[in-house]
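S.K.: Required output: the full structure, derived from the provided sequences and hints.
Taken in sequence, the protein lines are chains X and A. Note that this note's numbering has the first sequence beginning at 2, numbered continuously upward. Note that this note's numbering has the second sequence beginning at 383, numbered continuously upward.
Accuracy of the hints is not assured; some may be wrong.
[As the list claims (entries may be wrong)] One side of the interface only, derived from the structure: several residues of chain A facing chain X at Cβ under 7 Å:
id, residue
1, 478
2, 542
3, 550
4, 570
5, 579
[Claimed, not checked] Distance condition first, Cα-Cα at most 16 Å in a straight line; then the derived EDC-like pairs of lysine to aspartate or glutamate:
id, chain 1, residue 1, chain 2, residue 2
6, X, 42, A, 445
7, A, 510, A, 492
8, A, 491, A, 507
9, X, 40, A, 445
10, A, 538, A, 511
11, A, 462, A, 445
FYI, nobody ran anything at the bench for these hints, they're computed from the structure. Heads up, the beta-carbon is just placed ideally off N, CA and C, and yes, glycines get one too.
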Amino acid sequence: MNLLLEFFATLKATVTDVLPIISILLVFQLVVIRKPIPKVKQVGFGFLYVLIGLALFLLGLEKALFPLGKMMAQQLTDPSFILSEQSTSAAINWTDYTWVYIFAAAIGFSTTIAEPSLIAVALKAEEVSGGAIHANNLRISVAIGVAIGISVGSFRIVAGHPIHYYIIAGYVVVVIQTMFCPKLIVPLAYDSGGVTTSTVTVPLVAALGLGLASTIEGRSPLIDGFGLIAFASLFPIIAVMAYAQITQTKTEHRKYKKR
Amino acid sequence: MQAQFIVFFKALLGSCKDLLPIILVIAFFQILILQQPLPNLSDVFIGLMLVVLGLTFFIYGLEMGLFPIGESMAQAFARKGSIWWLLTFAFCLGFGTTVAEPSLIAVAKEAAVVAANGGIIENNEQVKESYGDGLRLTVAFSVGFAIVIGVLRIIKGWPIHYLIMGGYAMVVLMTALAPKWIIGIAYDSGGVTTSTITVPLVTALGVGLASSIKGRNPMIDGFGLIAFASLTPMIFVMAYGMAIGG
Numbered sequence: 002m003n004l005l006l007e008f009f010a011t012l013k014a015t016v017t018d019v020l021p022i023i024s025i026l027l028v029f030q031l032v033v034i035r036k037p038i039p040k041v042k043q044v045g046f047g048f049l050y051v052l053i054g055l056a057l058f059l060l061g062l063e064k065a066l067f068p069l070g071k072m073m074a075q076q077l078t079d080p081s082f083i084l085s086e087q088s089t090s091a092a093i094n095w096t097d098y099t100w101v102y103i104f105a106a107a108i109g110f111s112t113t114i115a116e117p118s119l120i121a122v123a124l125k126a127e128e129v130s131g132g133a134i135h136a137n138n139l140r141i142s143v144a145i146g147v148a149i150g151i152s153v154g155s156f157r158i159v160a161g162h163p164i165h166y167y168i169i170a171g172y173v174v175v176v177i178q179t180m181f182c183p184k185l186i187v188p189l190a191y192d193s194g195g196v197t198t199s200t201v202t203v204p205l206v207a208a209l210g211l212g213l214a215s216t217i218e219g220r221s222p223l224i225d226g227f228g229l230i231a232f233a234s235l236f237p238i239i240a241v242m243a244y245a246q247i248t249q250t251k252t253e254h255r256k257y258k259k260r
Numbered sequence: 383m384q385a386q387f388i389v390f391f392k393a394l395l396g397s398c399k400d401l402l403p404i405i406l407v408i409a410f411f412q413i414l415i416l417q418q419p420l421p422n423l424s425d426v427f428i429g430l431m432l433v434v435l436g437l438t439f440f441i442y443g444l445e446m447g448l449f450p451i452g453e454s455m456a457q458a459f460a461r462k463g464s465i466w467w468l469l470t471f472a473f474c475l476g477f478g479t480t481v482a483e484p485s486l487i488a489v490a491k492e493a494a495v496v497a498a499n500g501g502i503i504e505n506n507e508q509v510k511e512s513y514g515d516g517l518r519l520t521v522a523f524s525v526g527f528a529i530v531i532g533v534l535r536i537i538k539g540w541p542i543h544y545l546i547m548g549g550y551a552m553v554v555l556m557t558a559l560a561p562k563w564i565i566g567i568a569y570d571s572g573g574v575t576t577s578t579i580t581v582p583l584v585t586a587l588g589v590g591l592a593s594s595i596k597g598r599n600p601m602i603d604g605f606g607l608i609a610f611a612s613l614t615p616m617i618f619v620m621a622y623g624m625a626i627g628g
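M.R.: So, in structure tokens, the structure goes:
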């Protein structure tokens, strides 16, 4: 019974979030395009499914994953956990945080695989490319990118380096890759940076950043806690282009062998 | 009926697979590293079931509703041939979907607290609220602007990498000029703008446009709208920081 009430509360919140989008679509469809929506019944049901799905999804995350994930982020960054392993050193060293980096990578990878907007883009990419791009391979590449990104981002918070050096270095890598990468993948790779960070990833990653920044001396949670999301949206671009390059090299190699 | 049931069941199974990594990661760290029991297992189990169901419904609705409407509207605009209406639609879609985005509201609130604590703005509710609202409007405006530029690119067939590299150059330049306290927030604001509903719609819009305009390739020209939407907020938010002062 309680669960049902919670579901309706989440559904209401989801509808409120989506209402502006639906009204923009309707206004333009009716006032500017002035044609009935093709397959209006199917589209209507589609929207209904999306709303119900998102509400269930968010409610489930709130019930199961977020509390656990956030708690674990706090516990792993807690000095008492970090120092119990390395009790000899008084000052905190960046090498003491190995489990944090591993956790960051693992949580980055796994939340990205479950990210609904990435699933959407991957499905579309597979359809548009006529199957040349596999939705699952694309998702795994993006997830590897996020994993590395969040891990490096956590290291940055622990080490206390300024964020823009990392981001600018990342940009340089992206620019160099763009020159050598198959042209077809470039726009998709750029897009994959933006889609990775939404419903599932952001809350957990934010908890990790906040936990790290608030337990390390000299870091301000309000200043250093930000920035992990930026890492999570830069590294997938690099990972997807790398995936395309590896696939291309492989097919060329195969062609060469056949000859 | 039975065939439909099988399709649904397969989709459910797919969602389970999508969720498996998270379950494994959490179980591994909880049990082996932190060495603590999983608290209230029944709650966790119910929650996971809801997530699996929700993901399945979402993907169903995606293919039935969000993708078709995005593409049919893109085609209708392309047939109508009015660039101005298309660009107005693009701006509204970008602005409208971002301004009410819950994660953006949360970030704007936190950013206001940072600014107040840092002595950038006065530490009272009214000032903080207007600062947060200003930040939110800045980001929403920048996303609207991004979709407009992105749609214009599809129509004109400009290669994406020059635009993105130009954007990167702007980010680097602004980073040098903008006050230090805004940089982390600005960089993050690029990531939080693109929500779960916006992404499929905008992707379908781009692909739909690229496939209904002659000479455009949906793969090369259709993607890339989201890339702009995550780049421009960084530039605009840093500009906002400079305008506020500091």
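S.K.: With reference to the structure, classify each hint as holding or not holding.
M.R.: Hints, one by one, checked against the model:
At its closest, the beta carbon of residue 478/A sits 5 Å from a beta carbon of chain X; the interface hint therefore holds under the 7 Å criterion. Interface restraint check: residue 542/A against chain X, minimum CB-CB distance 5 Å, threshold 7 Å, status holds. Look at residue 550/A: its Cβ gets to within about 5 Å of chain X, closer than 7 Å, so that hint holds up. Interface hint at residue 570/A: satisfied, since its Cβ lies 4 Å from the closest Cβ of chain X, which is below the 7 Å cut-off.
Evaluation of the residue 579/A hint against chain X yields a held restraint, the C-beta minimum of about 6 Å falling below 7 Å. At roughly 14 Å between alpha-carbon atoms, residue 42/X and residue 445/A fall within 16 Å of each other, so this suggested pair holds. Of the supplied pair hints, the one linking residue 510/A and residue 492/A holds, its CA atoms being roughly 10 Å apart against a limit of 16 Å. Only pairs whose Cα atoms come within 16 Å are accepted, and residue 491/A paired with residue 507/A is accepted, the gap being roughly 11 Å.
Note on residue 40/X and residue 445/A: the hinted pairing holds, with a Cα-Cα distance of about 13 Å set against a maximum of 16 Å. Only pairs whose Cα atoms come within 16 Å are accepted, and residue 538/A paired with residue 511/A is rejected, the gap being roughly 40 Å. With a C-alpha separation of about 25 Å, the suggested pair residue 462/A and residue 445/A falls outside the 16 Å cut-off, and the hint is violated.
Checked against the numbered hints given earlier, this structure breaks hints 10, 11; the rest are met.
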